[in-house]
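Undergrad: Taking my numbering, I'd label the letters of the sequence shown as residues 150 to 381.
In short, the hints are calculated from the structure, not lab data. Hints may be right or wrong, so weigh each one.
Dumping the calculated SDA-like pairs for lysine to any residue here, alpha-carbon to alpha-carbon at most 25 Å [to be verified]:
1. K268 to D236
2. K274 to R342
3. K274 to Q332
4. K268 to E320
5. K362 to H182
6. K230 to G298
7. K356 to Q344
8. K230 to P192
9. K230 to D209
10. K268 to A244
11. K285 to E312
12. K356 to N202
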Amino acid sequence: MTESIVSLQNVSRFFHQGQETIRAVNDVSLEIHRGDFAVVCGPSGSGKTTMLNMIGALDDPTEGTVSIDGRDLSDMSHSEKSSFRRDRLGFVFQAYNLIPVLTAYENAEFILTLQGMPKAERREKVMELLHRVGLKGLENRRPDEMSGGQQQRIAIVRAIVTEPAIVLADEPTANVDSQTAAQILDLMETLNREQGATFLFSSHDRKVIDRAKRVIRMRDGRIEDDQIVGTD
150 MTESIVSLQN
160 VSRFFHQGQE
170 TIRAVNDVSL
180 EIHRGDFAVV
190 CGPSGSGKTT
200 MLNMIGALDD
210 PTEGTVSIDG
220 RDLSDMSHSE
230 KSSFRRDRLG
240 FVFQAYNLIP
250 VLTAYENAEF
260 ILTLQGMPKA
270 ERREKVMELL
280 HRVGLKGLEN
290 RRPDEMSGGQ
300 QQRIAIVRAI
310 VTEPAIVLAD
320 EPTANVDSQT
330 AAQILDLMET
340 LNREQGATFL
350 FSSHDRKVID
360 RAKRVIRMRD
370 GRIEDDQIVG
380 TD
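Let the hints inform the model, and build the full structure from the sequences given.
TA: Structure below.
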């Protein structure tokens, strides 16, 4: 059986608006396995982004447990969660979230620097990945000197350079055109296939859903369908 990377057990996330309780995620149990290329999809307000934020240790569940690599996130302190996000989770956001004053190379290197990796080792890893994603020769450009697709590629390198347990991608194709979106998805598929990188997307983009090997559909805070839809 494929190893489980993420485990949600009876997880709920509630918000209060005045007298009303909003059940953004409602009693969800889910396993994400090593090597998954999965998408959580559903209409706006279905709970997909909230669930991704809990898996990413950005939000705490109101009820239930979220475990990654066998570690219960609720047992961690705030600083332990910060270190865990840095070392074991990769994030790709629709807004890229790059540091504007840093170059492409420096953005990709940033987390490795925080981890204390030696400079020569950092450079070898970062340069290899930047070349692999088609950014050779653009290492010294800042984000505002690059296209949206190029910025998203930097974000992908930053997400995978630490070899995380899982890469969480929230609407990664939202701010790029169709051709660039296809190229980004090609890249992620290659990383999944050749390096075994585990990806979990939150998206309503049909291009992402059609590429996924596993489609998890949410509605009203619950999982209404979970299907394996493709294999290599």
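Undergrad: For a quick check of understanding: which of the numbered hints are violated here, in increasing order?
TA: Hints 4, 6, 8, 10 not satisfied by this model.
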